[in-house]
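Enquirer: Take a look at the letters that make up each chain.
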Amino acid sequence: MSMDFIIAAIITVVGISTPILLAGLGELVVEKSGVLNLGVEGMMLLGAIGGFGGSVMASMYGLGPLAPWIGVLTGALAGMLGALLFGFFALTLNSNQVATGLALTIFGTGLSSLIGVSFVGRIIPQFGSIFPPELARDPILKLFFGYSPIVYFALVMVFAVGWFLRSTRAGLILRAVGENDLSAHSIGYSVVRVRYAAVAFGGAMAGIGGAYFSMVITPMWAERMTAGRGWIALALVVFAGWRAGRLLAGAYFFGVLMALELYAKAAGFSILPSQFWAAMPYLMTVVVLTLISMRDRVGLNAPACLGKPFLPAT
Amino acid sequence: MRLKLEKRQQPSKLMQVVTPIASVLLTMLVGVVVFDLIGIDGQRAVVDIFLTPLLASYKWQDVAVKAAPLVIIALGLSIGNRANVWNIGAEGQYIIGALCAAGIGIAAGTAGGPIVIVSMILAGIVGGSAWAAVPAALKTRFGVNEILSSLMLTYVALQVLSYLVGGPWKDPNGRNFPATAPLLPDQTLPILFPGTTIHLGVAIALVLPFVFWLLMSRSVFGYQIRVVGAAPNAARHGGFDGNETVWLAMLIGGGMAGLAGALEFAGALKAINLGFPSGYGFTAIIVSFLGRLHPIGCLIAGIVLAVTYVGGQVAQTTVHIPNSTAGIFQAMMLFFILASDILVRYRVRLVPSTKAAPQPAAGE
Numbered sequence: 000m001s002m003d004f005i006i007a008a009i010i011t012v013v014g015i016s017t018p019i020l021l022a023g024l025g026e027l028v029v030e031k032s033g034v035l036n037l038g039v040e041g042m043m044l045l046g047a048i049g050g051f052g053g054s055v056m057a058s059m060y061g062l063g064p065l066a067p068w069i070g071v072l073t074g075a076l077a078g079m080l081g082a083l084l085f086g087f088f089a090l091t092l093n094s095n096q097v098a099t100g101l102a103l104t105i106f107g108t109g110l111s112s113l114i115g116v117s118f119v120g121r122i123i124p125q126f127g128s129i130f131p132p133e134l135a136r137d138p139i140l141k142l143f144f145g146y147s148p149i150v151y152f153a154l155v156m157v158f159a160v161g162w163f164l165r166s167t168r169a170g171l172i173l174r175a176v177g178e179n180d181l182s183a184h185s186i187g188y189s190v191v192r193v194r195y196a197a198v199a200f201g202g203a204m205a206g207i208g209g210a211y212f213s214m215v216i217t218p219m220w221a222e223r224m225t226a227g228r229g230w231i232a233l234a235l236v237v238f239a240g241w242r243a244g245r246l247l248a249g250a251y252f253f254g255v256l257m258a259l260e261l262y263a264k265a266a267g268f269s270i271l272p273s274q275f276w277a278a279m280p281y282l283m284t285v286v287v288l289t290l291i292s293m294r295d296r297v298g299l300n301a302p303a304c305l306g307k308p309f310l311p312a313t
Numbered sequence: 000m001r002l003k004l005e006k007r008q009q010p011s012k013l014m015q016v017v018t019p020i021a022s023v024l025l026t027m028l029v030g031v032v033v034f035d036l037i038g039i040d041g042q043r044a045v046v047d048i049f050l051t052p053l054l055a056s057y058k059w060q061d062v063a064v065k066a067a068p069l070v071i072i073a074l075g076l077s078i079g080n081r082a083n084v085w086n087i088g089a090e091g092q093y094i095i096g097a098l099c100a101a102g103i104g105i106a107a108g109t110a111g112g113p114i115v116i117v118s119m120i121l122a123g124i125v126g127g128s129a130w131a132a133v134p135a136a137l138k139t140r141f142g143v144n145e146i147l148s149s150l151m152l153t154y155v156a157l158q159v160l161s162y163l164v165g166g167p168w169k170d171p172n173g174r175n176f177p178a179t180a181p182l183l184p185d186q187t188l189p190i191l192f193p194g195t196t197i198h199l200g201v202a203i204a205l206v207l208p209f210v211f212w213l214l215m216s217r218s219v220f221g222y223q224i225r226v227v228g229a230a231p232n233a234a235r236h237g238g239f240d241g242n243e244t245v246w247l248a249m250l251i252g253g254g255m256a257g258l259a260g261a262l263e264f265a266g267a268l269k270a271i272n273l274g275f276p277s278g279y280g281f282t283a284i285i286v287s288f289l290g291r292l293h294p295i296g297c298l299i300a301g302i303v304l305a306v307t308y309v310g311g312q313v314a315q316t317t318v319h320i321p322n323s324t325a326g327i328f329q330a331m332m333l334f335f336i337l338a339s340d341i342l343v344r345y346r347v348r349l350v351p352s353t354k355a356a357p358q359p360a361a362g363e
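Here the protein sequences line up with chains A and B, keeping their order. So the first sequence is numbered by numbering that gives the first Met the number 0: it starts at 0 and just counts up by one. So the second sequence is numbered by numbering that gives the first Met the number 0: it starts at 0 and just counts up by one.
These are calculated hints, taken from the structure and not from any lab test. Cβ coordinates follow ideal geometry from the N, Cα and C atoms, glycine included. Some hints here could point you the wrong way.
Examples of chain A residues toward chain B, derived with CB under 7 angstroms [stated by the list, open to error]: (1) Val13; (2) Ile105; (3) Ala278.
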């Protein structure tokens with residue numbers, strides 16, 4: 000294997016794992032607060048169309064160079080709005096979180112297609128590296144400078160989320176709410192408000208992850224373009240044992256699997272059909288979840304209140 | 000003044016019937032407003048999606064054929080949903096069921112008749128159950144979350160389908176189009192009313208809800224499912240095995256999804272191509288909740304959702320909205336029905352907003 004190939008492969012893996020890393024980090028915070036939002040896939044799709052639509056609109060209004068940045072913001076906003084919808088039903092009205100999350104995914108899929116109709120066939124410039132072209136082109140330096148700004152943002156967020164949960168007061172409160180909502184409530188914290196904040200953050204992160212699809216991976220809009228990655232992000236959180244550092248490792252692991260599919264297709268492997276490689280990330284998700292569950296019965300790591308509605312005695 | 004929730008001693012029977020109807024009506028209302036906001040004739044769209052398929056008699060057969068798989072899958076899923084076993088991979092089990100039936104069809108060659116048809120149906124049930132047995136085994140043996148595993152297997156099933164119809168099972172006379180060879184006339188399900196598309200599967204979908212109703216209300220099994228869902232701790236003390244419940248819920252859910260897939264293949268489509276997966280397995284989750292997890296409720300809700308599918312196609316041509324719009328309506332219905340759950344379990348009262356602790360009501 001040549002050096003060039005290895006560098007290209009690393010760049011592919013880092014790029015392809017960014018959406019699930021972003022969405023996974025968001026969901027990690029959500030679950031730490033005791034909420035299970037299964038609507039990640041829907042929020043990513045909303046983010047994908049929100050980001051794409053936002054940057055198309057921004058360049059139409061003559062904001063050319065700023066357009067991709069605005070796209071990231073509108074993508075985050077779209078994901079967050081989806082999350083708040085989930086929050087209204089699951090947190091304010093205490094509806095079943097599993098089913099409400101599914102509803103959000105169905106909703107996001109439908110709404111993104113509806114909005115997307117007017118954007119089908121448009122192409123935007125890829126939101127790639129913003130470093131001087133010499134840096135992004137040099138075979139070795141591009142390992143560090145060859146990515147979209149969203150990639151660096153995702154990496155910074157790994158540390159930010161880890162630090163926030165571990166070392167800040169707000170992070171401590173968030174964990175308390177997720178571990179024992181009734182105690183947190185009785186010492187005066189607003190469980191619902193903390194959870195809303197967490198859910199909104201999770202939506203924004205999933206939204207940016209979705210925007211990465213429509214602005215970086217393939218700078219265009221296609222229905223259901225996230226292709227189930229939102230669900231892999233959910234599995235990633237379990238895989239990571241609710242820890243930000245392990246989430247990064249997990250994202251790259253899945254990134255390698257997804258890259259294998261691309262390379263297998265490109266190389267035209269004849270021994271195994273391409274569908275085998277396409278099924279690989281999903282199959283491996285099941286295998287990995289099983290291995291993880293065998294080792295440390297997942298229940299031990301999961302936040303104690305995960306998925307349970309908050310019902311204080313009034 | 001503020002709203003106060005009082006837990007009901009018994010879930011409200013009235014609300015269980017009223018809330019699904021209210022959810023559908025509310026969805027229609029919100030639909031009109033939202034569509035008007037985004038510049039589509041909202042009233043026209045909602046009428047076309049929800050009413051045209053019911054008013055135009057030539058659409059009834061479409062509704063019946065679309066409702067059949069939804070009802071059948073939802074019946075199975077309701078068992079799991081009741082027992083808090085979350086099988087969201089019904090779409091995959093549906094696909095595998097259909098593929099197993101197609102395998103029998105291919106193996107049968109030119110042979111036809113009742114034996115082939117019954118074998119296809121049984122193969123569908125077995126295939127769907129087997130696909131659902133994987134999450135069940137992983138859940139009971141290793142504690143793997145069944146939500147994720149069942150869903151991941153749906154994506155795997157999609158690739159299995161893509162591989163089979165594009166490779167070994169591709170119709171040799173099909174101009175290289177990735178699809179299985181169509182079934183011969185005596186290999187397909189009988190048509191119930193000559194000149195329509197209403198096949199035997201529709202009749203099965205009409206009968207099964209009553210079978211499930213009997214099963215759920217009269218058998219120990221039905222009791223077990225209800226107790227496990229409502230009070231898991233009590234169920235454990237009562238000697239009901241949690242693992243057994245997971246197995247039963249997954250196998251029945253998968254079996255019904257597989258049955259629906261086989262019937263859709265042998266009754267409606269007669270060949271499997273890449274467009275076969277239609278999202279019925281996901282929509283059936285909505286049907287299950289809209290039907291309040293009750294077999295007869297699933298029957299009615301399945302018809303409602305089938306109407307939105309057929310109506311979505313109508314609206315596609317009349318007000319030019321994409322087919323996926325029906326999905327928005329379906330999701331809204333699910334949101335509303337889940338939210339209204341609170342009205343079933345709680346009594347909502349307006350009380351004066353005071354800081355003082357609420358007084359217990361007399362007689363409670």
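Enquirer: Taking the hints in turn, state whether each one holds.
Expert: Cross-check of the supplied hints:
no. : hint   : result
1   : Val13  : violated (23 angstroms)
2   : Ile105 : holds (4 angstroms)
3   : Ala278 : holds (4 angstroms)
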